[in-house]
Amino acid sequence: MTTTGRVSFVGAGPGAADLITLRGARRVAEADVVVWAPSVVDAECVREHARADAELVDFSRVTPEEITDVYRRAAAARQVVVRLHSGDAATGGGVQEQHDLCVRLGLEVEVVPGVSVVAAAAAKIGRELTLTEASSTVLISPESSELVSEFAALQTTMAATVSGARTGQFVEKLLQGGYSEATPVVVAYKVSQADELVVHTTIGELESVVKQHKLYRPTLFLVGAAVKAPTRRVSATATTSVDEPLRAARPTRWSRRAASRIATRTDEPIPAAAPAAPAAEPNPAWTAVEEIQQSVRRPAEEPAPKPKLTVVAAEMPKPPTVNASTATPRKKPVRKPKRSAN
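Mapping the sequence shown onto our numbering, position 30 (from 1) lands on 30, and the numbers just tick up by one.
Since the hints were made in silico from the structure, they are not lab data. Every clue listed holds true.
Computed cross-link-like contacts, BS3-like style, restricted to lysine-lysine with a CA-CA straight-line distance of at most 25 angstroms:
1. Lys124 / Lys211
2. Lys173 / Lys228
3. Lys124 / Lys214
4. Lys173 / Lys214
5. Lys228 / Lys211
6. Lys211 / Lys173
7. Lys214 / Lys228
8. Lys124 / Lys228
Only a predicted model underlies this, so the values are computations on that prediction, with no experimental measurement involved.
The whole structure should be built from the sequences, with the hints applied where relevant.
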């Protein structure tokens with residue numbers, strides 16, 4: 001427990017429980033109160049890291065005044081509070097206003113960065129968002145969606161989180177800004193979660209794709225030439241049967257020369273065959289998270305009980321057996337006669 005109470009704004013990552021940072025997982029495991037929104041942070045992330053006795057507050061079901069009361073209670077009772085944000089808490093999510101409020105209440109405040117949803121989506125499709133010449137990535141939050149047409153005029157890679165219900169307006173602003181209908185778009189919904197959806201499309205087909213998959217909640221759109229899906233080259237002659245043995249590669253002049261040099265060098269011992277690779281070990285980072293959780297969740301271990309002392313009576317030597325016929329009789333003590341009173 002801290003001396004003044006602490007509030008940590010933690011970036012939970014794109015949603016998967018194992019994509020939160022080690023520091024973020026530790027803060028959640030230490031928290032007395034966890035504030036989160038199930039619509040943007042997967043429940044598994046909270047179940048995996050929060051204590052069993054932690055108070056869980058659904059951010060989407062309370063008012064701003066009730067959240068302020070949570071912070072005031074933390075300051076009065078010296079509680080540890082975690083406010084979970086999807087993606088990276090340092091780059092959005094309305095953290096600034098709550099951060100300043102907690103500072104005014106006299107709380108210790110920190111922001112723990114996380115894996116952004118944009119980074120997770122780019123990793124999923126295997127694309128670099130700044131790959132094209134003289135390009136840069138423009139991030140657009142829902143609050144600045146009215147600037148879409150101005151940013152589109154830059155013809156750079158754009159990452160925009162837009163409500164699926166407003167996809168039609170988003171497409172209109174993209175076209176007004178100068179993008180063509182053939183511009184590649186990646187639709188990324190709940191990336192890294194069990195029900196994730198990642199679709200490659202174009203601006204011209206974007207609205208129909210969103211309606212087809214019934215995406216009405218905020219969805220990430222990656223727009224620009226940098227997110228174009230790679231073209232797979234498939235050979236028409238590559239029809240090798242599974243049962244047919246693979247043909248050995250034809251040796252080249254360099255490989256033959258190297259083989260002859262190895263054969264003529266007999267002065268060096270032949271290296272032993274490499275040992276078999278050991279079995280895959282658990283992810284050390286995830287093991288560290290589990291150790292952190294266990295150290296925070298479990299109370300301090302009680303000292304080991306002292307071993308009970310078991311007293312075993314030693315065997316005493318038995319007295320020797322005496323034969324009554326040969327035993328020497330004991331002499332009776334002689335009593336002196338009592339003197340008379342006269």
